[in-house]
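Listed in order, the protein sequences are those of chains E and H.
The opening position of the first sequence corresponds to residue 1 in my numbering, with each subsequent residue numbered one higher.
The opening position of the second sequence corresponds to residue 1001 in my numbering, with each subsequent residue numbered one higher.
No wet-lab data here; the hints were simulated from the structure.
Be careful, since some hints might not be right.
Claimed, not checked - One side of the interface only, derived from the structure: several residues of chain E facing chain H at Cβ under 7 Å:
1) Lys89
2) Glu207
3) Phe217
4) Ala247
5) His260
Small disclaimer: the values here were computed from a predicted structure and weren't measured.
Ideal Cβ placement from N, Cα and C applies to all residues, glycine included.
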Amino acid sequence: MRIGIPKGLLYYRYHAFFETFFSKLGSEIIVSEQTNKDILDMGVQFCVDEACLPVKVFHGHAASIKDRCDYLIIPRIMSVCIKEYICPKFCGLPEMIIHSIPRVPKVSVEPLYMRNEKELFRWCLSSGSVVTKDSAVIKRAFISAVTAQKKGRAGINEQGRKLTVMLAGHPYIIYDDYLNMGIINKLRAKGIGIITEESVGDGETREEVKKLVKKPFWTFQRRVFGAACVLLRQKLIDGIIYLSSFACGIDSVIIDLIRHFIGNFPMLVIKLDEHTGEAGVDTRVEAFIDMLERRVFNENYNPSPRECVFSGQNPV
Amino acid sequence: MRITIPHLGNVYLAVKILFDSLGLDYVIPPLNSRDALYLGSKYSPEEICLPFKLMVGNYIAGVENGADTVLLVGSCGPCRFGEYPELQIRIMKQLGYNVDFIVMDPVQSIGLNELFKRIRKVGSASKKSALSKIGSVLLAFTAMRLIDEIEASAHAIAGYETSPGEAKKLLSSCKKEVFSCSDPVKAVNILNRYRDRFKTIPADYSKKPLKIAVMGEIYTVIEPFSNLYIEDILMDMRVSTSRRLTPTWWVKDMLLKTIRLNSRELLKASNEFLPLYIGGHARECIGEAVLAAKQQMDGAIQIFPMGCMPEIVSKSILPSITQKKKLPVLSLVVDEMTGEAGYRTRIEAFLDLLERRREHVFIGC
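Chain E with its partners taken away, still in its complex shape (with noise of 0.2 Å):
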């Protein structure tokens, strides 16, 4: 049995976890490529226009190995913490690949719901029946993906080079080399050090987001959100660059909410879309980098009245 899965989306948060679980059932796995630009082409061939491009991008790893595999691994994420969604996309990816790839092998199309470690057994067992059925060696394949899921996150988190910016965004943008143009070597190589969201806990962001009207339900939202709003209030970064893909439904609330909290603090949005140009991009990074430069190591530089009293209130 060979089981395919593509390498997007939330590939490369939870890849630990489905690489090993279907590796433990001994069936044979097959990753779709990095994106590349024949990926990117037949993601665009096949998705629906309006789609954003990371689900584009998906479509294109899907079909570049659909034909090599008997089973399509397509997780229907519909939540991964309790009370909260992720993208309504994600939630009807199986079908959107179904009924936009002509010819596509046998798909995953369970619910998985990722709250809690029961009801995510409950999705491999389904799944994992496709490979065996014997649920013991499910549930001893499950066991060692989630170690391994466990063992695997990490996040970016360099502190003490000169600059320090948050990379903000969904981990899907800022992993995939490929969509990003490589921003996380461009930035290293320029001697500017990162942090991604994941190095703030998720106890400190859900303490951060009280200070909104309403409790955000989106898992992005309030790990973005608030991880960016602690960072800056322990003045650990020096800029927010947040890459972002056009017509991304979440990023629109999200980089919105951000703004109307940091006041005049720097920050960099950067949309993504597959006719996007790499020079365009290097040169407002650039740009952007040079500021922070002289914003930070200007002794001249005097902040004003709003950023001093900036203290994590509400300034509205």
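With chain E fixed as given, assemble chain H onto it according to the hints.
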């Protein structure tokens, strides 16, 4: 407390009847127009969907006309609609308006106590007794139902009437008359009278007009300005249209959702293609398409705002329905930059296609 509301189709008529009968002070903002859209898109986040922008435009108009409280419904689902109040409250404050927001979130997510607290906040401004308050709500709901019914029959009869344009004229005079009437009971009587008048419109049922289902994202389907008055355009072209998503349907759906008995027919129809709720009204859209095919409609038009996450999923499923159920579907994406000429051309081309398809020998093969 002077309350204002954002527009959604004809809801303002029912809300007016409700507030009149409760004796509350209110401001109905002017109907959606270029001005509302201009103001809204000026102050809203760039990439947020169209309903948000129009609503901000409505608030500003309402507050400029003296309102100090905004009443709106909310959600806590995966769709962006649930985050509207969060951003809108901030935008209004940033603009220097001192407004209070009362958001009616679904009971499942905020609990009964909180919901009652919010309802009391509105209700306490009225001096009527508790019983007559309930009566007012029922009266408003009756009005809403009647308006939806009248509108539906106007859209259905448009293809059959013997003197074209009569239904449209009657509909607009009905809205005008109800809006200018400040006595709630009289207003409901006017609606009743109009409902009967629609039954007497001379129509020739031997005609075979095109029948089209209008479906998609609930706000853009119901609010005529946001879809560039598509139902009026279709009425002028003598096409019979039907639409399931109405404010009445929404209220019923919300109430029945608590006991999981909402819109059984639609959900059953959608099971084959989309068996799960994914937020927004994507599942309903799929169900409507399947039902439209079952009822042998000639085609369906899906409307959604640019970037609408649930409808993107349903748009990617619709080609399969077209193929399997032989239902032509036109997807129209609207935002603040939609041009009218291009929009009309696409609708006309779609109607031409449907007409020719009908005459084709191999139809349905």
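Against the structure, the hints come out as follows:
For Lys89 of chain E, the suggested interface contact is upheld, since its CB lies about 5 Å from the closest CB of chain H, less than 7 Å. A cut of 7 Å between beta carbons decides the hint on Glu207 of chain E: the least distance to chain H is about 18 Å, and the hint is violated. Interface restraint check: Phe217 of chain E against chain H, minimum CB-CB distance 5 Å, threshold 7 Å, status holds. With its C-beta approaching chain H no nearer than about 4 Å, Ala247 of chain E sits inside the 7 Å limit, and its interface hint holds.
Using the Cβ-Cβ criterion of 7 Å, the hint placing His260 of chain E at the interface with chain H is satisfied: the shortest such distance is roughly 5 Å.
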